[in-house]
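Trainee: Given next are the chains, with one letter for each unit.
There are 2 protein chains.
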Amino acid sequence: MIKLLKTSICAVLLTGLCFPLMAQKNATYVNAESLTIIGKSMATANVYDRADTSKYSTLPARVKQLLTNTAGVAISFTTNSTSISAKWCVTMSKAYPNLTAIANKGLDLYIKNNGKWQYAGIAKPTGVCSEGLLVDGMYNVEKECLLYLPIYDAVRKLEIGVDAKAEIKAASNPFKKRILVYGSSIVQGSGASRSGIAYPAQLSRLTGLNFINLGLSGSAKMEPEVADMVAAIDADAYILDCVPNSTPAQITERTGYLINTIRKQHPDAPIMVMQSIVREQGYWNKKTGAVVKNQNINIQKEVMTLLEKGMKNLYFITSENLIGNDHEGSVDGVHPNDLGFYRMTQQLLPQFTDILNKHGITNK
Amino acid sequence: MIKLLKTSICAVLLTGLCFPLMAQKNATYVNAESLTIIGKSMATANVYDRADTSKYSTLPARVKQLLTNTAGVAISFTTNSTSISAKWCVTMSKAYPNLTAIANKGLDLYIKNNGKWQYAGIAKPTGVCSEGLLVDGMYNVEKECLLYLPIYDAVRKLEIGVDAKAEIKAASNPFKKRILVYGSSIVQGSGASRSGIAYPAQLSRLTGLNFINLGLSGSAKMEPEVADMVAAIDADAYILDCVPNSTPAQITERTGYLINTIRKQHPDAPIMVMQSIVREQGYWNKKTGAVVKNQNINIQKEVMTLLEKGMKNLYFITSENLIGNDHEGSVDGVHPNDLGFYRMTQQLLPQFTDILNKHGITNK
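First to last, the sequence lines map onto chains A and B. Reminder that position 46 of the first sequence reads as 46 in the working numbering, one-by-one numbering, no gaps. Reminder that position 225 of the second sequence reads as 225 in the working numbering, one-by-one numbering, no gaps.
Don't read these hints as lab results, they were simulated from the structure. Note that the Cβ used here is the ideal one computed from N, Cα and C, for glycine as well. A few of these clues could be false.
As the list claims (entries may be wrong) - Listed below are several chain A residues computed to face chain B (Cβ distance under 8 Å; list not exhaustive):
no.: 1; residue: D52
no.: 2; residue: A101
no.: 3; residue: E280
no.: 4; residue: Y283
Said to hold, decoys possible - Distance ranges between label pairs, derived from CB positions:
no.: 5; chain 1: B; residue 1: D354; chain 2: A; residue 2: Q346; range: 25 to 35 Å
no.: 6; chain 1: B; residue 1: T91; chain 2: A; residue 2: L307; range: 33 to 43 Å
no.: 7; chain 1: A; residue 1: D326; chain 2: B; residue 2: N294; range: 28 to 38 Å
no.: 8; chain 1: A; residue 1: N113; chain 2: B; residue 2: I297; range: 23 to 33 Å
no.: 9; chain 1: B; residue 1: D354; chain 2: A; residue 2: R62; range: 32 to 42 Å
So that you can see chain A by itself, here it is in the shape it has in the complex (with noise of 0.2 Å):
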């Protein structure tokens, strides 16, 4: 205890506002693999993957790169520690520029108090290879934790540690049912300062439900290669946020597609399809902006054919307010803040949990 009290001290009292400084001594390192991994969207070889892409061998290169990036995925476990620490690899991969560090490449933990999740720490990458302290000073009592992995980056090796006398167990999966989210960088969270803050873990955490990222960076395209592996991902749900990557031309060509392949696998399962979000820079460039228009009256020209047609469970989500109307929603005018993604969350979340909850998708 001594030593806890000596390093809280030392972060914030001797260097003021500064990060806890190392992993702690005498921690029992145990394997993530050993725990439970959530936020896939199907078995892996390699374990932190988000899709199998050896079984989708005509996925676009920079697709089949972008589904080892770890954005959604967390390991879940429940510990009496009093602090945890880890140990992880990630790749050489260039950092992005509109991304901290910690959200790129890093570690972000949340643990439940009172029937919530929490934020609890984050871990920050020093290189390939780091070792962090999440958090200390708790309670030894037993917690439900949630590590999220890098959202832009992909996990080579990670431990998670916790006191030379604590335990570690594998919890069961905090989050029921599986909705797919297949979109844009805003998906996968780029401009969050954190990993927790993507939105499709902000809805998870509200909702008890099980919000898969699937978020391509700038590569959503709706190519049928693609199409065929979204739509053979199981899932109560679909969600598809993939307008913002495709040429308004590519959106009339491709969406039909897309929505009919998934509707053919799961004759009953929601699809709901989301408009852009307006881009900040869009309103200076009179030229994106319109491109971004654009890109939305053909979605939703292509959602309202499908609807004539008679598709039923099909819906329609507009970008209004998404990143609210005073234009310090984003990072760099086309990613959300993390001011951004929390609108966004707010305002999706009524109008899926209406939907899902329609369809008896519940976290029950």
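Model the placement of chain B on the given structure of chain A, informed by the hints.
Mentor: Relative to chain A, chain B alone:
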């Protein structure tokens, strides 16, 4: 126009959610020193520094270094250009893991739209010296612009580029009066995704008043030498948000000197003293939580003592609700994220405005 159209189409359609890729060709660049530099606490030899540390030789070395960071410093200009670019150089200082590169070493542009400042674009750093297109495709009418410099680095050179035939001119400081904000990394903007999100910058845009950022990372420790410098800075009002970096004992020891020294040089100026935001870390690490509580108790005691002794125009701002209560307002358990800074601004705005109005400190 064809070229601009191509750039936009590339950025939006071909590479998906990407950034504008390069500074525009055929632009005319002007040295930003020929425009209006705002947000500094005093005139300096090095034009982008926030304070002239050569006048205050006994300042701690780290404080001197931090005063070269350009937090809150911005360039005020008007232009009728359809595009705005920049070429700029910073230092080789290490990147912070809880900051985007855009905030750490990049640029953040706002343009006035219907009387309100609106986000217009960022430029992302690519090295010590970078070039970037902030915005293009605009109408060629005169626009009032504000370009924020990096929050966590020094600027060694800055040129602003406009269309070859466009005009660019120095504008007046759009913000009236001078309100000095002395404080920690939270004042400086650590955790903001871009410079304009730091709370003093948000307050300036929302009030039309000139909130001057004297945020000093982890080094706002109210040392007597720093107190002497703060008191010597000419301002209409003083905000002290410097609790987070001092131990509870230092707060007891140093607050009186800081406030009395300011009061001596500015007999009537309102002095607003803030408690520290609650640290999310402290909800789990009970000792961290206790330290913050004691810091906040001690600052309150010091302010109450001065009020009881009869000091006038001294105000106390509690930490209540500053970053919200859902625990999602921080990037790392210590620093606000953009959601936290938004909430902080919304909480502080009416409190500061009331006090400032009462003292006749308005944007008229």
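Trainee: For each hint, tell me whether it holds in the structure or not.
Mentor: Verification of the hints:
Because the closest C-beta pair between D52 of chain A and chain B is about 24 Å apart, greater than 8 Å, the hint is violated. A distance limit of 8 Å between C-beta atoms decides the matter here; for A101 of chain A the minimum to chain B is near 4 Å, and the interface restraint holds. A hinted interface residue such as E280 of chain A counts as satisfied when its beta carbon comes closer than 8 Å to some beta carbon of chain B; here the least separation is about 6 Å, so the hint holds. Hint status for Y283 of chain A relative to chain B: holds, with the closest Cβ pair at about 7 Å, below 8 Å.
In this structure, D354 of chain B and Q346 of chain A meet the distance hint of 25 to 35 Å, their C-beta atoms being roughly 29 Å apart. The hinted window of 33 to 43 Å between T91 of chain B and L307 of chain A is violated, with their beta carbons roughly 57 Å apart. The hinted range of 28 to 38 Å is satisfied by D326 of chain A and N294 of chain B, whose Cβ atoms lie roughly 36 Å apart. For N113 of chain A paired with I297 of chain B, a C-beta distance near 24 Å keeps the hint of 23 to 33 Å intact.
One distance hint, 32 to 42 Å for the beta-carbon pair D354 of chain B and R62 of chain A, is violated here, with the actual separation near 53 Å.
In summary, the numbered hints that this structure violates are 1, 6, 9.
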